[in-house]
Each structure stands twice: as structure tokens, then as C-alpha cells.
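Undergrad: Chain by chain, the residues:
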Amino acid sequence: MQNNMLNHEGTETLTQAQKAGKSNLGAFVPSWFSRFLLWLAPLLFLLVFFFQPLARIITLVFSASAFTEINFQLILSTLSFTFYQAALSTILTFLLGIPSAILFSRFNFGGKSLLRALTAVPFMLPTVVVASCFNALLGNHGWLFFLFPLSPEFTTSKTFYFLLILLAHIFYNTTIVIRIVGNALLRLDPKLEQIARSLGADTFHVWKNVTLPLLRPALLAAALLVFMFDFTSFGVILLLGGSNFSTLEVEIYLRVLKLPNLPLAALLSIIQLIFTLIFSILYTRTINQVTTQTAPRFSTSRLPKTPKEKIFVATLGILLSAFFVLPLLSLPVRSFTRLEADRGQRGAVQYGFTTDYYQELFINRRDSLFYVPPIQAAANSLGYASLTVLFSLVLGYPAAYALAKPTRLEKFLDPLIMLPLGASAVMLGLGFIISFGRSLASPWFVPIAHTLVALPFVIRTLQPALASIPERLRQAASTLGASPFRVWQTVDFPILSRATLGAATFAFTVSLGEFGATLLLTRPEYPTIPIAIQRFLSQPGGLSYGQAMAMATLLMLLTTLAILIIEKLRLSNAGEF
Amino acid sequence: MKPTFYFLLFTLLLASCAPKPTPVPTPAGPQTLTVLTHDSFAIGKDTVKAFETANNAKVVFLQSGDAGAVLNKAVLTKDAPLADVLYGVDNTFLSRALDADIFEAYQSPVLKDISDEFKLDSSNRALPVDYGDVCLNYDKNYFTTKNLPVPQSFEDLAKPEYKGLLVMENPATSSPGLAFLLATHAHFEDGYLDYWKSLKANGVVVVDGWETAYYTNFSASTGKGPQPMVVSYASSPAAEVFFANPAPAESPTASIVSTDMCFRQIEFVGILKSTPNKALAQKFVDFMLSPQFQEDMPLNMFVYPANKNAKLPDVFMKFAQVAEKPAALSFAEIAKNRDAWIEAWTAAMK
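Quick mapping for you: the protein sequence lines, in order, are chains A and B.
Going by the numbering used here, 81 is the number at position 81 of the first sequence; the sequence numbering is gapless.
Going by the numbering used here, 1305 is the number at position 305 of the second sequence; the sequence numbering is gapless.
Please keep in mind that the hints were generated in silico from the structure rather than gathered at the bench.
Note that beta-carbon positions come from the ideal geometry of N, C-alpha and C, so glycine has one too.
Treat each hint with caution, since some may be false.
Cβ-Cβ distance ranges computed for the label pairs, FRET-style [stated by the list, open to error]:
id: 1; chain 1: A; residue 1: 325; chain 2: B; residue 2: 1252; range: 40 to 46 angstroms
id: 2; chain 1: A; residue 1: 484; chain 2: B; residue 2: 1079; range: 42 to 48 angstroms
id: 3; chain 1: A; residue 1: 65; chain 2: B; residue 2: 1190; range: 50 to 56 angstroms
id: 4; chain 1: B; residue 1: 1347; chain 2: A; residue 2: 303; range: 55 to 61 angstroms
id: 5; chain 1: A; residue 1: 362; chain 2: B; residue 2: 1049; range: 52 to 58 angstroms
id: 6; chain 1: B; residue 1: 1274; chain 2: A; residue 2: 65; range: 25 to 31 angstroms
id: 7; chain 1: A; residue 1: 274; chain 2: B; residue 2: 1109; range: 36 to 42 angstroms
id: 8; chain 1: B; residue 1: 1163; chain 2: A; residue 2: 419; range: 49 to 55 angstroms
Just chain A, with the same shape it has in the complex:
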């Protein structure tokens, strides 16, 4: 989910990369053969694991009974609900996001950077964790229900589930608005507003006639991105809403595993692919306008002065802290607290602090949901994540090398390489099921699917770094007698290590949290943490709910650790040269 956001930076730097590449073209033009070698592995990989399944999906759409009356109605209602919830989520996200963007770009206050970092946290967390956070805070087994017993008719109603989904979407995406619109606000030339004011315009007219028109591309870009994420939202909707709400993504999943109709699932995923592609193209266009609009940067933020401003800063600051801290806190706390009886437990129940939910993770029961003690899921997840890092770096490096000095071939290949970004994870899973049914017993397909999701971003991270290496340095090294490997080791690698770390972190966290494709591909003997969470959440009773919370806490911890470790490595690394 994060990839498109980060891709924004990718496109920014891409233009630099292309410029850099062009200037170097004369100095270093590789023969077609070395190009061929560079492209061999990544293209082969995409051909086998992406384009082949995609072709199968398309054939399935056209060969079988996908276009029937009842399917048509279903697609129509699914599509309209998907649009409806995405639009509503986007509007609500803006209601919180715009004031927050103003807060962060215009005012200084104690704890500002901490709060800003806090709003970005959900974005790095896997969807299953965010869903679990909201479940722990507001769900039927959560704190709110325990502390303020609402009428169960309400808390088991569709409206309530829908509310939870909307809140989780806001929680996830507010940071996008803060980032894109906030940065645009910072880049605005403050003189324009000052001039308008000195000409007698009041705050309203300054905003209407000066600020808003200048912000329009940023607002549009943020809206498109938030909309796209809500449009393709899967984990949050499935885990918080059950199968009550079918967005395109959820319906594809239902049509594969629950109410099997593969041609319909194929048709739905093609429709989804087309829409995400349209949104991505629109987004890329608008975000380019945002970046061309840069003005010299002034620090326009200051302490709140008037009582109105003070109230604004205080209220919003408290609201934001509560909105972002409470869900993140209620998950780990809930995982140590027993609030309800286990399934079928009819004797006396010991409420309060417990470590049962964690202890139970280490026990392999005979009547298990998996073959293994649930904690094995954590080991599997870490293993898969590392494989994903290795695969995506091995495949990403040569592609990024080629793309860093683009020829006509690369201009043609570039969008093809990025296409998997537009495919939904559930669709990747569906494609694998159709294409590799017989060999799906192998656990290798999960990291391969994760690599497909991570690869475009890994390439986009490495590519500008590779392009930025001055060719003169390489030439100087080799004239001084360095072997090609030594050149790579002393010139390329130090410059690349930061980008490599960034790419690796991304691949690692993507794999840790990946839910959609894994849900379709995973085998019960090799569960991952997100799958274990989903299985436990779908079971009734206090014990399995508690285990879901414990697993989600574990995943939250692992993701945070991964990010922190790499952040630290990156810093110590930066000090080295």
C-alpha cells in the first residue's frame, strides 16, 4: 500500500536520473549484449510470475462465462460501493488532514516533531496491525465496548462496522494529506499572502483567492492518492467488516475462496487493474505539477499568537494525539488483558492481566488451525521477509543499472516493470492459483509474490542512486588500475549502500505485512503472522481473540524494530562518509 506514496519521490528523482543518464550516455554506451544480460533475470522473473498469470486471468475472462446478467449486477453494486466508501473515506481524511497540514506547516508548538512522526506511524504498519488496533479499541471485544457497554444491537450492526472501517482509513491516510498538502503550504511564497493582506483582503479571501488556487495541484494529488488507497483497501475491510462489505478487492477474494467463481474473480481483478492504472496516471500527472511549483523555502511557521490560534493548536494537537495514540496503545494492552470468556468456557473466568495469549502461541494443539505452534508463523514471516529482500535486490540491481542509463529499450520497458504496482495483491494470488496450481504446495511462492510487490519500489530506490554516481569517478578508479570489481567496491558500493538499505527495508516490511496475496497462497503448514491474525480473529471466544491481539502486537513490534534498526544503520552509515 505504501509503495505509491513513496513512488512519488521515485518519480521526482526519476527525472534527475534520466538527466544524469543522458549526460553520461556519451561516455558509456553498453553494447546490446550487456543490456540483454542486465535485463535477463528481472524480465524473465516478471514474465513467468506476473505476465503469464496476468495472461491467464485475461484468458479466463474471455473464455468462460464471466459476462452474465447476474455477474453484471454484482460488479455494478460492488463497484459503486467501492467508489462510495473510498470517496467517503477520502472526504473524512481531508476533514482531519487539512487542519493538521495547516497546524504542522504554520505553527510551532511543543512536541511538534514527535506528533508529526506519530501521524506517520500507521502508514508504516501492516494493514492487519491497524485493523487489530481498531478492533482492540472499538471492536466488539475491545476497550470501548468493555468500558461503555453500548447496545449490542448497535455494535453488531453494519453501520458500526462501516464506521470502524472509515476510522481506520482516516488513521492510515491522514499522513498523506499532512505530507503533500503540508509541504505545498510550506513551499508557498509567504509574500503572496502578505501582499494580498496589505491590499485589504481578509483571511477568508486570502485563502479563497491566493492560497487555495496555489494549493490546488497538491490537494488534488493528495485526494487521488488517498482515494486510490481506500479504493484498493483490503485487509482493513475484510478484518473489520467481515464479508459484510464487498469492495472489488474483497469480492475477488470471496470469489476465489468462499463462493468460488474464478471467471468472475478474474473479471473483477481486470476491472480493478484498469482503475488503479487510471488513478496512477492521473496522480503522476498532478504530482508533477506540484513539484514544478517550488518556490524558495521560508520558514513560515511560528508560535500561535491570538487566542483563536491557541485554541486551534491546542484542540487539534490533543485530538491528533488521542486519535493516533489510543489505537496504537490499546492493541498491546489488550493482548495482556482478559476481558471475556473463552469459546465454550462455562465455568468461572479470571479477568484482568494475563499472559495466556502469549503462552498459547507456543503450544501446538492437535485440533490446530495450523500444523505448527502459532509462534512458528513469526519465524516463517521473518524468513519470507529476508528471502524477499534477497530476491528483490538480486533482481532489482540489474534492472536499476539498466534504467539508470536509459536507452530507447528502457523507455519501453520502464512502464512494464512498474505494472505490478497497479495489480492488487489478491489478483497476484489469483494469478498464481490459476497458473501454478500443481506446484502450490511449495512455500517458495509466498516470497515470490512478495517480491513482485516489492520489486518496483526497490528498482525506483536504486535507480536514482545508480544514476547519481559520477562516471568520472569510475573512470578515474580504473585508470589508476582498479579491477572492475574493485571499482564497484570502492566507487559504486559506498554510494549505493544507503539506497540499498532503504530498498531492503521496504522489501522487508512489505513482506512482513503482506496480506492479500499470502491469504490466497499460503498453506496451513507455513502460516505467516498476518494469516495467523486473520485466522484467530475469525474464531469466536476470548482465547482466539487474545491470540490475534498477541500476534498483532508481535508484528507491530517486529515492523517497528525493522524500521528502527535500519534507521540506525543508516545514520551510523551516513557518518562514515
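Once you have looked at the hints, place chain B on chain A.
TA: Leaving out everything else, chain B in the frame of chain A:
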């Protein structure tokens, strides 16, 4: 440069904890038999132990969701089966399994003790294990304190006094849910969709599976949920007595067993095609049909044994109810129309 190197080394190390494809079985140790089944499966530990010791085997029960979901998984993974044996396909979903051809035929010697009325698959790919009546259960206490009469027909359920009081399972994924849908079809025939629209308007709550419906939504079970009526089994009231401590004189719940309101469900076991453990799988199927296993089923899963020689426990005789006249719907008719009915139902309830 060093940190990057360590980081990559670290990921390499971590990668070694990625799951290895197929663990090599040691010939000396017990052979593992995997039974794919639904979440409601339960059986006594001693019963399984007896089979394990007799056959030097280890039996793993893999619970993979509700009956429908389990079957779909088995069909999707047909070419790379998840298990050796699949237990829990019932007469509502059976034709899907037979059409997908996931089972291997097995002429078990124990079949002679099973009543012929349960043998729906003449080629014995799916063997009948148990049966039970899917009926509405209600929370006695709720209806007494509210002074509300217990509904006695499908038509009653659509009345405003029962608005929002019923929770049921999604027929697409859950076999009791599908059984309930089939019962309404048997009763209303082509008018069933109109009936469902009226139930929808009357606030029927649909959840994914029986476990959630019974243990989370139903007010008379441990979840203490909001709905006092649930689609469950005629034998569920006996379970409430059996598991309660101390055992009450009468069950807190009861079933509505009036004419047409119930559907008789038969559950089957089958050996999944291309299992490498065929001999052991056959032994396990024999074991499931034998009196030892069959007599242990009623108090674990609250179903009736299909084997004529199996004796029923007392608590079962006393508290489990039997449908007066279950809905009449032939297996052939279900097989032909099931998918279309589910689709139409799903569309009507959206």
C-alpha cells in the same frame, strides 16, 4: 559500508528460517495422517490415541474454516492436496465435491453397518459418518421474560415482533446456513427469494460461520450476544446441558422442530485423491465409521452416528430433540440448483 554488509549477512541468516519445502519423513517414526476438517470438529483425545497406537500413526486435524470454506480450499488445491482425508462435507455441498472429483472411491467394510438412506454417493467416494437436524435454537429465558411466543413457522419469523432477533450463517460458506436456505426453498419453492427479502427487512443478521453465530451472536451461549434465535442443530440444547457446570435440570435453549422448519444434514468423509498415505487413510475411514469413534461423536460434535450399532449417550437421549418432519428436498435437486440458489440469495441480501 560495514553496516550494510552486516545487514545483508543478517538477512541471509534470517532467510535460513524460511520454511523448507516438505520435511523428510523418518521411516522409523509414526506416519502422519492429516485430516482436513471444519472449525466445529471435535473428538475425544482417547479415541484418537487408540487409533494412533494401533497403527503407529500421528493424526493431525487441520481446521480450515466453515464446511463450505474447507471444501472450496480442497477443490482449489486439488492438484496439491492439503491433507489425506477430508471430513465434514455434507449433503448440501456434496455434489460440489463429487463434481470436482477430489475423492478417491473406497469400499469400506464397515459400510454394511450404515443405513442405506445416508449413502448418497453410490460409488462410495464420500462415505456417510453422521447426521443431524439443522433447526432454529432459541434462548428460553429471553422469550419467557419478554413474554413473547416462540415462532412456530417461517412465516412467523418475518413478523415485526421478531425484528432483529435471528442470527444465521451465510449459506455461501456455512453448511447450516445453506441447510436453512434449502429448508426455506422446500417450503416456499419459487417464492423463497421474496421470503428472504422480508426476512432481510425484518433485520436477520448474517455472519460467516456457525461458530461465530452460536458463540458470539447468540444470547444464550457464552458470547451473550444480541440475538435470542440462531440457526443451529436440534441437538445443541443437549450440548448446553452437557457442558454446563453444574449441569442444570433443563437446557437454557431449545429447538424449534415443527414441520418443515428443520433440514436433515448428513456429513461425509472421503479420501483425497493422490494422497501418499492411502492405506493409512483407509484405516482411518474405517475407524471413523466404527462404533468406537461413532459413539464418541454425539457428545463431542452433537451429531447422530450413522452406524446402526453405535449406542447413544443418556444426556443425548434426554435433551437432544429430533425434527418432527424435516424439509423434503432431494439430493439431486440440491445438486442441480444449489449454486444458483446461493447466488440469487447473495444478490437478494446485498
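Undergrad: With respect to the beta-carbon atoms only, verify the hint that residue 484 of chain A and residue 1079 of chain B lie 42 to 48 angstroms apart.
TA: Holds - the Cβ-Cβ distance for residue 484 of chain A and residue 1079 of chain B, about 46 angstroms, lies within 42 to 48 angstroms.
Undergrad: If you check the beta carbons of residue 1274 of chain B and residue 65 of chain A, does the distance land in 25 to 31 angstroms?
TA: Given a distance of about 28 angstroms, which is inside 25 to 31 angstroms, the answer is holds.
Undergrad: Taking the Cβ atom of residue 325 of chain A and the Cβ atom of residue 1252 of chain B, is their distance within the range 40 to 46 angstroms?
TA: 42 angstroms, holds
Undergrad: With respect to the beta-carbon atoms only, verify the hint that residue 362 of chain A and residue 1049 of chain B lie 52 to 58 angstroms apart.
TA: 23 angstroms, violated
Undergrad: Take a look at whether the Cβ-Cβ distance between residue 1347 of chain B and residue 303 of chain A falls inside 55 to 61 angstroms.
TA: At roughly 59 angstroms between Cβ atoms, residue 303 of chain A and residue 1347 of chain B fall inside 55 to 61 angstroms, so the hint holds.
Undergrad: Within 36 to 42 angstroms: is that where the Cβ-Cβ distance between residue 274 of chain A and residue 1109 of chain B falls?
TA: Violated - the Cβ-Cβ distance for residue 274 of chain A and residue 1109 of chain B, about 58 angstroms, lies outside 36 to 42 angstroms.
Undergrad: Does the hinted range 50 to 56 angstroms hold for residue 65 of chain A and residue 1190 of chain B at CB?
TA: 23 angstroms, violated
Undergrad: Quick check: does the Cβ-Cβ distance between residue 1163 of chain B and residue 419 of chain A fall within 49 to 55 angstroms?
TA: 50 angstroms, holds
This entry does not satisfy hints 3, 5 and 7, going by the numbered hints stated previously.
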